[in-house]
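> Each chain, letter by letter, is given below.
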Amino acid sequence: MAAVSSFLHGPFLWYATRAAGLITLILLTAGMILGILNAGRFASRRWPRFLVQGLHRNLSLLALAFLALHVGTTVIDTYTSIGLQAAFVPFASSYKRFWLGLGAVACDLTLTLLVTSLLRQHIGHRLWRVVHWAGYLCWPVAVAHGLGAGTDHGSRWVLALTFACIGGVIGSVAYRAVQAIPARGVAR
Amino acid sequence: MTIVATIPRLGHVERRTSRLPRLLAGAAGRGPAGLNQHERCFGALPLPDVAWNGDKAAARRALARLIDEVERSGLTGRGGAGFPTGRKLRAVAAGAGPAVVVANGSEGEPASRKDRLLLLRAPHLVLDGITLAAFAVGATEAYLVVHGIDSKLIARLEGAVRAREVAGIDPVMIEVVGIDDRYVASEQTAIVQYLNGGPGLPTFAPPRAHERGVANRPTAVNNIETLAHMALIARYGHAWFREAGVPAAPGTALVTVSGAVLRPGVYEIELGTPISEVIGLAGGPAERPQAILTGGYFGTWLPAEVAWTVPMSHPGLRSVGAAMGAGVLIVLPDTSCGLAETARVVRYLADEGAGQCGPCIFGLPALADALADLACHGGRGDAARRIAGLIPLIEGRGACRHPDGATQLAASALKAFGHDAHWHDVGGPCFTVRRPPLLPVPGAASAW
Amino acid sequence: MLHRATAAVAARARGGECLVSYRLKVNPIMCKAHGLCAELLPEFIDRDPWGYPIVPDEPVPHDLEDLSRRAAATCPTLALIVSKGRR
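Chains as they are written, first to last, in this note's numbering: chain A, 1 to 188; chain B, 1 to 448; chain C, 1 to 87.
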């Protein structure tokens with residue numbers, strides 16, 4: 001009983017949620033970069049299209065798994081009274097309302113993106129595409145949540161990691177923007 | 001043209017003294033036949049009373065009789081495909097829910113003038129056909145589609161519809177709709193998409209219009225000439241219809257004859273008439289003919305000596321590897337270069353693509369370039385090979401038949417002008433490429 | 001490569017394997033020449049000089065059926081369509 005009690009009241013869950021959160025950030029970033037590259041038709045000998053697309057899909061699914069872990073450990077943790085509701089309903093938590101609310105927004109968007117993508121062949125390409133644009137909103141919101149609600153901004157390497165993620169995405173967006181400037185030889 | 005007066009009673013009619021004209025019988029002068037003139041010539045619209053009262057069972061019997069009559073007549077579509085009309089009506093009538101009738105008078109083919117002529121001279125015959133088709137398939141909506149830019153035609157048609165409204169002739173109101181005069185906009189799926197509120201561009205096949213077309217309802221899309229024939233069949237019966245033409249291709253048809261003939265224009269012929277006679281109707285060749293383009297820009301070149309005895313009908317032309325299409329005949333004289341004409345037409349077709357499918361967007365311009373090289377630049381020895389290589393890459397790989405028409409034309413040009421193609425390829429263009437162009441290409445100076 | 005595929009089909013037919021066949025079709029309006037299908041099924045799908053897939057009208061060889069379903073799911077514009085039929 002003491003073990004369970006220390007599990008619930010000790011710092012373990014807090015460590016777990018921070019770790020899961022960081023891993024989710026890394027995976028979401030990787031998914032974002034690969035998604036942008038895929039949209040830009042990036043391909044090389046070692047990276048055929050189906051690999052870029054397949055990794056984008058699988059890393060995003062993995063991100064969802066770690067997101068579930070991150071949300072789960074936060075909710076179970078009794079140190080802060082963040083209920084399950086706060087994970088999905090934005091700005092419903094009393095603790096760090098705004099930053100946690102952003103997390104809920106990112107969580108909802110991630111779920112929407114993933115569910116629509118899994119059901120893509122049933123909802124059709126056009127609807128899927130419109131919803132998938134929300135990815136450009138989801139990722140920055142998730143990063144902001146990490147910076148605002150996260151308890152690790154004192155740590156240099158966490159900050160470095162976050163900025164590396166931001167740098168990676170900005171780099172991909174720049175690549176995509178530059179590549180779109182002269183009309184491509186292939187039909188639009 | 002003499003107009004033979006008839007006593008209008010459905011199924012009973014005085015024998016006409018000659019089998020022609022039929023569609024153009026009511027069009028005496030150069031103006032349109034008004035409602036009174038139309039009824040004097042052909043009689044009132046033979047629409048059963050059940051079309052007006054609500055008796056569903058009687059209506060079903062009556063429309064079945066009408067479809068039966070059309071099927072027995074052997075009437076086939078006059079828009080180019082030549083599909084049996086009775087079968088199409090039956091398929092739409094069997095569809096679920098109220099249907100829609102679309103009459104296609106948009107005539108995208110630049111070398112064809114017959115639809116416009118028929119609409120101008122005998123609008124009420126076409127409108128009769130639309131009403132009868134609407135009754136036959138159980139339609140509650142009917143559209144007559146023409147080019148929006150043709151305001152004179154639209155005004156005439158709307159006037160005709162209004163006159164009928166006043167006389168209380170049509171149970172279903174016919175709406176005149178103007179569409180883009182782009183080549184691809186006249187395509188069946190493009191019209192259906194346009195009527196559904198979308199762009200006037202072809203769509204990818206399923207679902208087919210007769211199952212789910214306008215507003216997701218079973219839709220019958222027919223060429224207006226086909227509907228005009230239907231209006232006559234409903235009056236005079238299938239046996240009368242079959243008196244003209246040949247058993248494999250019954251009835252009459254409107255053809256547009258142009259090129260090096262003395263009197264280019266639209267003529268009504270009995271199907272199965274040899275091409276030489278059809279050209280004779282147009283005054284005969286103005287110069288020695290080299291080849292004949294049949295079917296229009298989606299058609300085929302035939303060497304003149306091959307074409308001369310071929311009967312003008314779908315099966316007749318198919319037997320020599322050509323197509324009747326929308327009934328277009330263009331005579332190419334000896335003093336013109338068939339390759340140059342083909343190159344110009346394919347360039348036009350390439351520019352007129354909808355821009356939706358890769359093989360057409362890239363393939364047709366490449367084909368046009370290769371044809372232009374062969375016709376006008378030549379001398380490198382590889383243009384014909386390039387053309388032959390491009391054709392299978394383009395054919396059948398678009399959503400509509402637009403690229404197929406271009407490849408068919410190009411392939412038939414290589415065949416019909418094979419001799420010229422060889423000499424162009426190794427030696428360069430012949431002097432006749434400099435002759436003023438013969439085939440009308442909208443946008444360029446027209447031969448009309 | 002198409003000859004190999006057709007030979008495989010013939011061998012299967014002679015061997016009397018399953019009666020269900022899959023055919024692939026491209027919606028040319030949706031297709032934007034991303035080329036993932038040709039990457040996954042190089043034995044069956046070729047690309048034309050402009051990058052668009054050339055999909056044969058014959059049944060997919062038995063050993064490529066799973067890949068063909070994956071290719072249809074992976075197509076970025078869902079332009080590749082798998083249909084089931086009888087061999």
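Possibly wrong hints are sitting among the right ones.
Stated by the list, open to error - Simulated coverage check for chain C against chain A, where a stretch passes if three residues somewhere in it have a Cβ under 8 Å from a Cβ of chain A:
| id | stretch |
| --- | --- |
| 1 | 41-49 |
| 2 | 54-65 |
What the hints assert, rightly or not - Beyond 12 Å from chain B on every Cβ pair, some chain C residues (computed):
| id | residue |
| --- | --- |
| 3 | S21 |
| 4 | Y22 |
| 5 | K25 |
| 6 | V26 |
| 7 | I81 |
| 8 | V82 |
| 9 | K84 |
| 10 | G85 |
Quick caveat, the hints were computed from the structure, so don't treat them as lab data. Where is the CB? At the ideal position from N, CA and C, for every residue including glycine.
> Checked against the structure, which of the hints given earlier come out wrong?
1, 2, 5, 6 and 7
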